[in-house]
Each structure stands twice: as C-alpha cells, then as structure tokens.
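S.K.: If you want the building blocks of each chain, they are given just below.
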Amino acid sequence: MVILRRIANLIVLKTAYIGRFFLIMLMLTIIVDVIGRRFLNMSSVSLQELEWHFHGALFLLCLGFTYLKDAHVRVDLFRDKFSPETNRIIEIIGCSIFLLPYCAVVIYFGIDFALQAYSSGEMSATAEGLPYRWIIKSLLPIGFFLLGISGIAVLLNQVKEHK
Amino acid sequence: MTIIMDILPLLMFPVLVMCLFSGYPVAFVLGGVGLCFGLIGMSLDIFNFKEFFLINSRIFGGVVENIVLIAVPMFVFMGLILERSGIAHELLDSLRILTRRMPGGLAMSVTLLGTVMAATTGIIGASVVMITMMAFPAMLAANYEKPFASGTIAAAGTLGILIPPSIMLVIMGDLLSISVTDLFMTALVPGLLLAVLYLIYIFIVNIRSKTEEAVHYNEPVDWISVLKSLLPTILLITLVLGSIFAGIATPTEASGVGAFGALLLSVIRKKMTLSKLWEMCDETIKTSGMIFGIFVGATAFSYVFRSLGGDDLIIHFMNNFSGGPWIIITVIMVLVFILGFFFDWIEITLIVLPIFMPILSGLDLSGHVEPSNILPWFAVLVAINLQTSFLTPPFGFALFYMKGAAPKSVRMEDIYKGAIPYIIIQIFGLLLVMIFPAIALWLPGVLN
Numbered sequence: 001m002v003i004l005r006r007i008a009n010l011i012v013l014k015t016a017y018i019g020r021f022f023l024i025m026l027m028l029t030i031i032v033d034v035i036g037r038r039f040l041n042m043s044s045v046s047l048q049e050l051e052w053h054f055h056g057a058l059f060l061l062c063l064g065f066t067y068l069k070d071a072h073v074r075v076d077l078f079r080d081k082f083s084p085e086t087n088r089i090i091e092i093i094g095c096s097i098f099l100l101p102y103c104a105v106v107i108y109f110g111i112d113f114a115l116q117a118y119s120s121g122e123m124s125a126t127a128e129g130l131p132y133r134w135i136i137k138s139l140l141p142i143g144f145f146l147l148g149i150s151g152i153a154v155l156l157n158q159v160k161e162h163k
Numbered sequence: 001m002t003i004i005m006d007i008l009p010l011l012m013f014p015v016l017v018m019c020l021f022s023g024y025p026v027a028f029v030l031g032g033v034g035l036c037f038g039l040i041g042m043s044l045d046i047f048n049f050k051e052f053f054l055i056n057s058r059i060f061g062g063v064v065e066n067i068v069l070i071a072v073p074m075f076v077f078m079g080l081i082l083e084r085s086g087i088a089h090e091l092l093d094s095l096r097i098l099t100r101r102m103p104g105g106l107a108m109s110v111t112l113l114g115t116v117m118a119a120t121t122g123i124i125g126a127s128v129v130m131i132t133m134m135a136f137p138a139m140l141a142a143n144y145e146k147p148f149a150s151g152t153i154a155a156a157g158t159l160g161i162l163i164p165p166s167i168m169l170v171i172m173g174d175l176l177s178i179s180v181t182d183l184f185m186t187a188l189v190p191g192l193l194l195a196v197l198y199l200i201y202i203f204i205v206n207i208r209s210k211t212e213e214a215v216h217y218n219e220p221v222d223w224i225s226v227l228k229s230l231l232p233t234i235l236l237i238t239l240v241l242g243s244i245f246a247g248i249a250t251p252t253e254a255s256g257v258g259a260f261g262a263l264l265l266s267v268i269r270k271k272m273t274l275s276k277l278w279e280m281c282d283e284t285i286k287t288s289g290m291i292f293g294i295f296v297g298a299t300a301f302s303y304v305f306r307s308l309g310g311d312d313l314i315i316h317f318m319n320n321f322s323g324g325p326w327i328i329i330t331v332i333m334v335l336v337f338i339l340g341f342f343f344d345w346i347e348i349t350l351i352v353l354p355i356f357m358p359i360l361s362g363l364d365l366s367g368h369v370e371p372s373n374i375l376p377w378f379a380v381l382v383a384i385n386l387q388t389s390f391l392t393p394p395f396g397f398a399l400f401y402m403k404g405a406a407p408k409s410v411r412m413e414d415i416y417k418g419a420i421p422y423i424i425i426q427i428f429g430l431l432l433v434m435i436f437p438a439i440a441l442w443l444p445g446v447l448n
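Those protein sequences? They're chains A and B, same order as listed. Straight run, no breaks: the first sequence in the working numbering ends on number 163. Straight run, no breaks: the second sequence in the working numbering ends on number 448.
For reference, chain B alone in the conformation it holds in the complex (with noise of 0.2 Å):
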C-alpha cells in the first residue's frame, strides 16, 4: 500500500498520456485526471476532499487575477487582425518586390514574413498553415522545389515562438516567474539569428539557380505603394516592442496597444468589415478559451501532483541524481524535444515545466551562466528546441499541418527532405547559444 502511495504523483504521467492520445480535448482530460487522482488519493486518506476548494483559489489567483497573462489574448488578436484582413499578404507581396534581385528572393520573403508576424496567433499550426497557403502556390509557380520550398515555409512558420511577442514567452515567463520583458529581450536576437541563418542557407541553395521571379522582374517597381504597406506594419512592430524594450509600456499594456494599432491600420486600409471583426474576435475568443482552458486544466492537475507529494519526489530524485547540470538539462532537452513529436508547446510549456522549475532554478552554472541569468537562458534553449522538434520528420507537428494545406502535388516525402537542412540549422543555433550563452543574454545586459 504505502508503494503505492509513494509512486500514486508519478502514476499519474502514463494514465494522463494515455488518455491524451484518446483524442479528448486536452483541457478537460488534465482536469479529469487530476480529479480521478485526487479521489484515488482520498481512498488512500492522503488527499482530503476539500482540497478542491483550493484548485477555485489555484486558478483564480493563479490565473484569473495575472495582469501578466491578458497580453495573450491580446497579441493573438493582433496576430489575427494583421493575418486576415489581408495586411500580411500585401506585406509578402512587398517584401517580394524588395527582394526580387536576390538569389532565392521568394523564399527569403517568406522567411521575412515569418519573422515580422513572428506567429502572434500563437498556435504553430495556424500559423504555418497561414504562411503554407499564402506562399507555397507563388513558389511553386516561381520553380522553386517542392522540398525546399516547404522546408522553407515551415520553417519560417514556427519562428514565431521564439520571436518576441510571442505568447509562448509570455506564458513562459509567467510560469517561470520571470520578466517577461527580460524574456522578450533574451529571445530576441537567438530569434533573428536563426532568421539570419536561414537567409544564408536560402541565398547560398539559389545562387546558381534560375528561380527567379521573371514575373516581377522588369516591370517598373511602385515604390509608393510598396512602402504603404511595408512602413505602418514594420512600424507597428517595432512599436509594440520598442516601447516593451525601452520599458516605456510592459507586455499588457503593449499588447493592447499593438491589438488597437492593428484594427485602426485594416481600417485605414478599408480592409476591415463588421463581419470580419466579428470573425476575427470569435477566433481570439476560441484561442483564449483553449489556452486557458488548457491553463486551469493544468492548474487543477499539477495541484493533485502537488498534494499527493510529487514535487517532493521530483527534487528528491534529482538531489541523489549524481550527472551535474549539464546533464540535467541534456535530460530535460531530449524529454521536451520528444515531446514535441506529439504536444503543442502549450501542453509541453503548462505541464512540464512547472515541475522542473524547482530543479531548474537551484541549477548552478558557474561561470557559464549567471545563476539569475539560466532561467531565461534556459527558456530561449527550450523555444528553440521545440521548434526544431515541431519540423523534425516523421512526426513534427508543422509538417502534418503543412501537408493538410498545401497544393495536393507535394508530398510527404518531399516536406521530410527539405525540413532537413532546417533542422540542422536549428541544431546549430541551439548549440550556439549553449555555447555562447551571450548570445541570449547580451541584449537584457545591455537595456537594463
């Protein structure tokens, strides 16, 4: 009985992925599970019933009164707004233009894009399924390889979690009790870097082709209306985040702001209907709904874990766990990386890190990171891994998405070969700012 008492908080990992793979929605399968542990708990008299009142207190101090967490509705309304009224297709189309002198112009408009809306909608599959549909025909149409042209776009698709605003961050330096400013600044160049990166492979594979836009080519360029539309959206951008930067205005307050900014731009624009509004604000209201449905879920969940002793098992286990720190974040590495085969960051954020926060901030890094400067280190290593996960065949997760929206002509395989130089690429970034820690954390040294 007492065995069983003892490994109950770890039992309760294989039944919640079980059920998870049901296909039920994850929201209510954390809450279910958490509630089906806490009753198990109450036959074994180590969990009282009444401990359920405090999961109410749980979420609403926890969740409900987190003036951190209204910046995530916010910036997904923005993304929404910018996304489709049709201002981030006039924006690819400008940036085609700019670019259409270079070896792989397209492709690099692509990956622009990718890092100018930096997925503020939030979800990956959204998001790359947006950029596949908005580009993937035009580059085609410019022949470029089926391959290279989907590694490319999902690519530049799941960019957005590790670019600041990305709502991963925000909700990643709310569960881990940092700044989210600090966050957005540490994310901030690795982010480019990788855009940087990608704009050298791109360059490099089409300097000797013939994909060229023959179509743009040589007519006469509209500067005009190309600046119109490239300068308030970049502009908008840098706004919301300069003002977080120069810490004129936090993430919230930016938010909001950006949201407002976006709507008054489409209707500047006359790209903005009623109906559309309406639209756009059910599907932030959706995506809320399923973020913090998953966030109370989870709530509710690491509670019973958190009651029936797990916390305590968790540091227990690391405190006679001889491997030293590298280790231990090689381990949590590899664990999110796999993960990321099958959860979207939201789960893989809620769930797991919340149990590792204990370890991660007793971390001691000496020399290589400072102790208050690993937990945001640590959070940008964690962004780009599950990026690198969510394009690694033959189960990342953009890569389905990617199939599903593009021209019926591409294939599996076709995705699976040109996701690869990516990933390598992301294997280099990620081991960069391992390395040279710097990377990450030389922009918050310098602004605060």
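If we strip away everything but chain A, and leave its shape as in the complex, we get (with noise of 0.2 Å):
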C-alpha cells in the first residue's frame, strides 16, 4: 500500500515538470508563430496545431497534479462546516463512485479513440497540417490514467488516515 502510494504521489508529482514544459513550449510556439505571421509574412498551419496539441497535453496531463495538489474548486460552503471525518469519508465516496468510473469509462473509450486515429493513419485535414494525431488524441486516456492514479492515491491516503 505504502509503495503503492508513493508510486502514485512520484508519477503526478513528477508531471508537473511536464506541465512546465508544455506551458513554456506553448509561449514561445504562439510568439514564433506570432512573429512569422505578421513580420515574415510566412502563415504556418503546423505551427498552429502545434499550439493546440501543446495546450491539450498541457491541461490533459495535469488533471491528475491538480488532484493531488488540492487544486480543483470545491463548493465549500457545507464543507467547512464538517468535521474532517465527514470530509474524509466524502472524498472516499467521492473517489469511488465518481472519479474512478468516470476516469475507467473515459480510459476504456479513449483508447478505442486512439487506437482508431493511429489505424486509420489519421492526420491533419490541410495538407500543411501535423501527422499522427493519435499522438494527441491517446493523451486523451494518458491524462484521465493519470488522474486515476492521483484519485487512487487520495483514496488510500484517506483511508489510512480514517483508520
């Protein structure tokens, strides 16, 4: 359990070094693409999708290092008012019935998803477009895994502490 959780913990923690990455890689991809449309006169349709990918893996990646870090909005209004009990047995529920299914069920079909992107050779609609769009679209499972993952490892957490 204990070697479970750190896992855990070490795998979404270490993906905020990713979300960094993508974040800058974004910045600076939007000024390049900025400065090659409006100064060099040179409209780049890849450059484009490249900022969309970047921002999708952005978001994708980091649900799950939100989780962790407490940082998705809760209505606080009753929970304040609750004992740290009644929180904690809220947020195993919470794990279990909500966040757990939802991300199994978008995980199942997300791969299904990629899956027929890459078999189907999918690529951009304009020709000057990026390749390999399975690439982004098999974010789609990567991210929701990890925000199992992170769910997992708040439910064990909670756990420990209720006993």
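Quick caveat, the hints were computed from the structure, so don't treat them as lab data. Computed from a predicted structure; not experimentally measured.
Distance ranges between label pairs, derived from CB positions:
(1) B:D364 x A:T126: 34 to 40 Å
(2) B:E370 x A:Y17: 46 to 52 Å
(3) B:I224 x A:R38: 29 to 35 Å
(4) B:E279 x A:R37: 31 to 37 Å
(5) A:S124 x B:I315: 33 to 39 Å
(6) A:L13 x B:K403: 28 to 34 Å
(7) A:S96 x B:S43: 19 to 25 Å
(8) A:V45 x B:I204: 51 to 57 Å
(9) B:F341 x A:M1: 38 to 44 Å
(10) A:L28 x B:I7: 50 to 56 Å
(11) A:N41 x B:L313: 49 to 55 Å
(12) A:R38 x B:V68: 14 to 20 Å
(13) A:S46 x B:I327: 49 to 55 Å
(14) A:R37 x B:P14: 46 to 52 Å
Below are the BS3-like pairs computed for lysine-lysine, each with C-alpha atoms no more than 25 Å apart in a straight line:
(15) B:K228 x B:K276
(16) A:K160 x A:K14
(17) A:K69 x B:K276
(18) B:K403 x B:K417
(19) B:K276 x A:K14
(20) B:K417 x B:K146
(21) A:K69 x A:K160
(22) B:K271 x B:K228
(23) B:K146 x B:K408
(24) A:K69 x B:K403
(25) B:K408 x A:K81
(26) A:K81 x B:K403
For every residue, glycine included, the Cβ atom is placed at its ideal position computed from N, Cα and C.
Two chains, two separate frames, one set of hints: put the complex together.
M.R.: The structure is reproduced here in structure tokens:
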C-alpha cells in the first residue's frame, strides 16, 4: 500500500515538469507563429496546430497533478462546517463512485479513440498540418489514467487516515 | 416508467447540486453524475453504453482542438507574472502617488489597480485575496473606515471578470459561439463605466473626510521611478488589448505575446528568479487543470443531458412559455444571480449557459437589440450580474475570501456593510446597460 501510494505520488508530481515544459513551449510557439505571420509573412498551419497540441497536452496531463495539489474547485459552503471525519468519508465516496468510474469510462473509450486514429493513419485535414493525430488523441486516456492514479493515491491516503 | 424517462434529464440538476454541496471537486462530480445518469438511462433503454465513446470525441473536438481556449492559460500566466513578481504592487504604489491629492486617493488607486490588472488570473477568490493583502492594511493605516475599505477592495477585485482580457469572456465567447474579440469590445465600455461610477462614489464619500495619506503628501515625488513602474505595465496591457481591438491579433495570439511581454518585463525589472518562474508555472498549470477539468466534466454532463432529451425538454418548455423575451431574460438573470451565491463563474457559465443557448439565440427583442447583437449584450449582462452576486451578503463569494485575507480586526458585518453601496452601483450599471444597450454595443459597432 505504502509503496503504491508513493509511486502514485511520484508519477503524478513529476507531471508538473511536463506541464511546465508544455506551458513554456506553448508560449514560445505562439511567439514564433506571430512573428512569422505578422512580420515575415509566413503563415504556418502546423505551428497553429502545434499550439493546440501543446495546450491539450498541458491540461490533460495535469488533471491528476491538480487533484493531488487539491487545486480543483470545490463548493466549500458546507465543507467548512463538516468535521474532518465527514470530509474524509466524502472524499472516499467521491473517489470511488464519481472519479474512478468516470476515469475508467473515459480511458476505456479513449483507447479505442486513439487506436482508431492510429489504424486509420489520421492526420490534419489540411495538407500542411501535422500528421499522427493518434499522438495527441492518446493523451486523452493517458491524462485520465494519471487522474485515476492520483484518485487512487488520494483514496489510499484518506483510508489510511480514516483508520 | 415513461414519466421517469421524461423527467430523467431534469433530475440531473437537483442531484448535481446536492452532490456539489458535498464539497467533492466540481470537475469530478460533473463527470460522475453524468456517468450515473448515463447508466440509469441504459437501464431504461434510452441510452446506449457505446455513446460514452462520443464523450471522448466531444472532449477532443470541443476542448483540445479548440484554438480560442489556448488564450486561457496564457492570460492566467500573464496575470500571475504581473501579480507574483511584485509588478502589481509597484503599480499600486505609483497609482497612490498619482492620486495622492484626490479625496480617497488610495481607494481610487485600488479601483484603478483592479481595472488595469483585470484579474487575468481568472479565479475571483485569488484576485480578491491578492488585492486584500496588498491594500487592506495600507487603507486602514490611512484611516479609512473598515466597511468602506472592504467594499472598495471587493468591488475592485471582482471587476476583473468583466474587463477584458477576462478569461471568463474568453470562455463565454467560446460557449456562445461568438467572437471573443467582439465580446471583449462589448464588455470594455460597461466595465470602464462601472469603474468610473466607483471612482465617483469614492470621490463623493471622501470629499469631506480626512483620510489623506500624510505619508506621501509632502514628500518630494520621484516622478521618474513612478513613470518607470507605471508606463511599461500600462503599455503592455494596452498593447495586448489594442492589438486585439485593432484586429491585428487574435485573442490567442495576444495572450501568448502578453505572457511573454510580462515575463520580459519582470526579467528587465530584476524581479524574476528561476524558482519564482517555476512557481508561477505550477500555479498556472493548476489553474488550467482546474478550469479544464470542469470543462471536460461539463462536456460529459451536458452530453448525457442532451442524449437523454434534455435539450428538447427545455425548448419545449420555453415554447409553451408565454412570457415574452424580457421575462425570459429576467428569469435567467435571477437564476444566475442566485447561483452566484454558491458557485464561481466557471461552473455557472459552463453548466448554465449551454442550456439556455438555444433559447437565447432565438430571443426577439426587435427594436431594442439587433438579433446578431443579443448574445454579446446578454453575456455582458450576465457578467455584471455575476459580479454583483459575488458581492451580495450574506453569501457573496468575494466577501468570504476577503474575510479570510483581511486583518483580524475586520468583522464580517463591516464587510457586509461596505458592500452595499457598491451593490447599488452595480444594479444601477446593470440597468443602464439593459435599458441602453448602446453602452455595450457602440464600441464593437465603431471598430468593426
């Protein structure tokens, strides 16, 4: 249990580095794109597609990190008044009936979704766009996998404290 | 059985609200409740398990592939850099010097800071806390009354959802399928109008009182350092907005350039270190994970809602509703106002707006507002309305955040009392924009 929790924490917290990378890259790509288009008269479809690729990667891979850092919005009107014990039970129930099944469904169909893109060799609709749509599409199940892992980590933490 | 099938989509909302009040993260409650109702629908044979596949394509097509939404993390990043690097604090100091001879000068500086910074960070809580920590102690030291000081800060901190480049407007534009550039233009004048009304109120209240800042009054002013701190920041924000309004850049492009500009500015000012930069990155990542988590959850929720026939139900209900467009607008406004007591704008815009979208685009306000202008005008009304709601006791969202960050001597009653004049200003502003849509629609009309 302890090892599992540590591994989960490790994986998800490391995604912060990936997030930082994509955030900075996103900013720089926009700059390069703007300079190219406005000043050098070189419009690039693939740069624009790269922008939403980076953005998608940024938020999909960081959903789990956000949860581990407890930065997802909660409606805390009653939460502040509940006892820590009640809040712990809510977290355990929430993880088991909301978060984990939700992740499971998105991952299950997300794998299909990415595989379809892979086997059909899907690429950008425009000729100058980026190829290999399966890469960004596979980030959907991967992101939710990381979210699920962090859900399990939170769950284990709460169960442990509950005892 | 058929009755259950008919009202099943409507049941989703009470269940959602109940589960949200548990305090479990909104993003996952949305996804989880959507999933549960999908499963119930399956047991009633009105939902097919394979339909969950389409949730993936919706998330991909609607959120990942979306070019407009890229502006959200970029504006958040820009706002965080200006705020956390201390540039915002310097800005406040310079504004204080500029307004030092005005009645209520410090209160005016706070309002101006709220206008200029325009809460690009996105979350109401965060910007209210920031301005509270920055300005509340100074305002008390300058002998402002506690209620007045807290009302001013709360109003200035929430103004940001209305004044571009507000990320709420980016998201609203995306949801209502209207151009974000247009929406920015529509919101600018009403936002500035409110700021001016605040300033007038501050002026009137302080004209006789002795809240002047003795500290700054007689000291010689170092104008060069004031200009040095004021000009680059104002220039950056003007450039970002100006390039969008002039049609030179899309909001997405301007957001990236703005973030980069803010970063350069903080480096030139020697206010940036690598560890600070990573901290701001992590904060941006968390905000972006939070917003898009809800986005994705709401996509799943509203997909199931539609698939169970919820859209038809609403349109059917509205067709049989004989109240006319003004009643519909009033009903939606009241609903949004009440929801604003409990939820941040992210939940409200993402859950409520898509539901009312089919009704809104069909509204006929002939003579008052052109059909093509209804959506931007309405979005601005919702924004002012939400801001008012965040300020309204006893639930007002912003007021609680403020209590948490204010000095201990400030009581909740002070905060409630101070909010009231600003709420009256807000309602006045809201009515003005409702009765004279030209306040909002003039600028986009001129610029386009």
